[in-house]
Amino acid sequence: MIHKIERDYYRFKDIIKGRIKQNLKKYITKGELIGAQGKNLISIPLPQIDIPKFRYGQEQMGGVGQGEGKVGTVIGKGGQEAEAGTSQAGNLPGEHVLEVEVSLEELASMMAEELDLPRIQPKGHGIVSNLANRYSTIRTSGTESLRHFKRTYKEALKRQIAHGEYNPDNPNVVPIKRDKRYRFWKPTPRPEYNAAIIYIMDVSGSMGDEQKEIVRIESFWIDTWLRSQYDNIVCRYIIHDAQAKEVDQNTFYHTRESGGTLISSAYKMAKTLIETEYPSQDWNIYVFHFSDGDNWSGEDTKLCIDLLKYHLCPRTNLFCYGQVESRYGSGQFIKDLRDAFPQEEKIVTSKIDDKDAIYKSIKEFLGKGK
Amino acid sequence: MIKVKNELQDLQKQIELWARDYGLDFFETIFELIDAKHLNEIAAYGGFPTRYPHWRFGMIYDSLSKGYEYGLQKIYELVINNDPCYAYLMNSNTSVDQKIVIAHVYAHCDFFKNNQYFKNTHRKMVDEMANHASRIRHTGEGMGFEEVENFIDLCLSLENLIDVHAPLRKENDILGFLIEKAPLEDWQREIMIMLRQEAYYFLPQAQTKIMNEGWASFWHSKILTEKALKDVDIVDFADHHAATLATQPGQINPYKLGIEIFRDIEERWNKGHYGKEYEECEDIEFKKKWDKKLGKGLEKIFQVRKLYNDVTFIDEFLTPELCEKLKLFVYAYNKRNGTYEIIDRDVKKVKDKLLFSLTNFGQPMIAVTDRNFEGKGELLLTHAHMGVDLKLLEAKETLERIQKIWKQPVCLETIINGEKRLLIFDGKEHREKAL
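So the sequence lines, in the order shown, correspond to chains R and F. Counting in the working numbering, the first sequence runs from 1 upward without gaps. Counting in the working numbering, the second sequence runs from 371 upward without gaps.
Just to be clear, a hint being listed does not mean it is correct.
With a Cα cut of at most 25 Å, we get these calculated PhoX-like pairs of lysine-lysine [as the list claims (entries may be wrong)]: (1) R:K154 to R:K186; (2) R:K13 to F:K407; (3) F:K697 to R:K70.
Since the hints were made in silico from the structure, they are not lab data.
Between the sequences and the hints, there should be enough to build the whole structure, so can you do that?
Following this line, the structure appears as structure tokens:
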């Protein structure tokens, strides 16, 4: 029996996807979903997509119930704010918020569609580590469901011509058993691509919690997108003030130092990491650096530019610099980079003034498909 | 668990005989044993094997399957008002479950066949629904499914705007009115006619929920305890039966309320607890022992299941004693605390509230009052306000949808926070006027 419900079910899912997309920017910039990191499925609360009707409001309506309790006994909770700003409807009896489960990949691909992100073309040849079975070959025996229609008729035609049975004026081609051709699978090597992402964050005194939140959200989405594009992803985290050190993910987002800022220290560390652990013929390498752009000295900036030009840039797919606006304003570094590399496609800079700018910034970073 | 069809057939035949012996009178009933997935599918389609394509069926299916997966809910049975009646049983039910469900189903079928509010329902609705499905699919192929689905969405917003007294109060049949008078394309009119027909088909079920479930529970309980149960079944039966009748505060369980009222009627008419003499007797002790051994209980409940709907049923047979015994109360929303609280256990108030929530099958009463409002071809609808406001935002969205059908501005006269207001949607923006 064919389950007709499937069609309606997928239509419903489509509608939901549309709803999520409408609100995607909100979800992305609010960072609500990041808490669920580590799980593959994310639950998104959507207001029930019910069909509007003339209906009584539940609150004024009240009702009749059954059971124990004195006058004043609470039997249920009412009106929680469901969708801030759009309606006062809430979690009333009989009115439900729909919890929709979406996988991170789905979300990433929705984001990519919304931002019009191109698929990434991995560089290099990839490592052949996997043989996938693909229906890429033809056999003379097989199950009927795999019969290759065109090839079967071609064989029949060939046979009929060879036997002189084919009449172009009455082109009847009738396959017989030995004409039949079937699809068959063949193990085909599938290259896998590896990527290494190096996140660098300035944690000097001027980078406040708000700035870090921006970095956290933005790198979460960058990470999600890149993961959907590569088979293997390795992430490394470097924080720096006047000195750089490698840390784990948790520390990366939660450390706050008070020192000054020497960006070159982090770039040097990234360079060493890449040179020793991620040879660029085997790895697609991404570096994302977030800072408020207040480097210690022009001299250090010059050093940074040299490091970029001779070491980082030649080895990476992409070097992204995101400058977040801090309480103390925004530094000079972004301008220095733009002046130094006006033409370099691998270096992308983006100014992220507030949370709303995250969306645009992701697009700037990943919009080139590198 | 019953896997073999024969075993089920024997069970069915036996229960059918018992049911007929008790006087239940039903169309031929065809049982099908299906798995949970299939049952959820049919349930999503409102009990029918084939419906027109629409996303909301997918939405219901999604929530039913999740509920089943998580063990939160389980549908035991589904039965359709049709001649023959179709009933679906879940194949993973225990055999006690199946006994209960089969007995329950026969009582529903009896109710469908005999209750007067079902008199005019289409008894070949399974076929009719399938026809609708294929016509709507066909229209979709011509017009594009998206366009057709969008129009269905519009119609569904109006599916509760039909006349419970049909065809006596035509002005309440807004769907019928629009079919006749709105500037619709032929395919749109055709779809609206079908959806209106479906809405009228489902209406009596909404009007007799308490009675219908009460009747079915009354009979499954009677048939099982008096006839069908073996000793080993007792615990399973008690468990299932108790779960069916369980109540949660703040919610009326129609199974429970219905069965209690039917049992009360049976007892009262058996003992003669009715009529002038009984009502006027003031000796409470004497009244308690009152038993005229009339034995008219069964006869009475059969008559009640024929002539009443939920409103008249509650109005006439929910006695003060029963109201108290069932611990019914009125609850209301407490704005200050943001909670629903019990506010009263007074019998009259409970009854009034209950009756209000059942009147017009629980839907606001809205009528077409002028189709050339202010001489400009505008449509005027009037809400007969009975103490509870409409949900304002949703009402506005609904107006937008009616405007899409009517094409001219659409107005709704209603009361909001005690003030008479006119809500207007002209196709571009909403306006509000005090009246």
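Against the structure, the hints:
As the CA atoms of K154 (chain R) and K186 (chain R) are separated by approximately 22 Å, the hinted pair is consistent with the 25 Å bound. Taking the CA atoms of K13 (chain R) and K407 (chain F), the gap is about 18 Å. The hint holds against a cut of 25 Å. At most 25 Å may separate the alpha-carbon atoms for a hinted pair to count; K697 (chain F) and K70 (chain R) meet this at roughly 11 Å.
Hint compliance for this structure: every hint is met.
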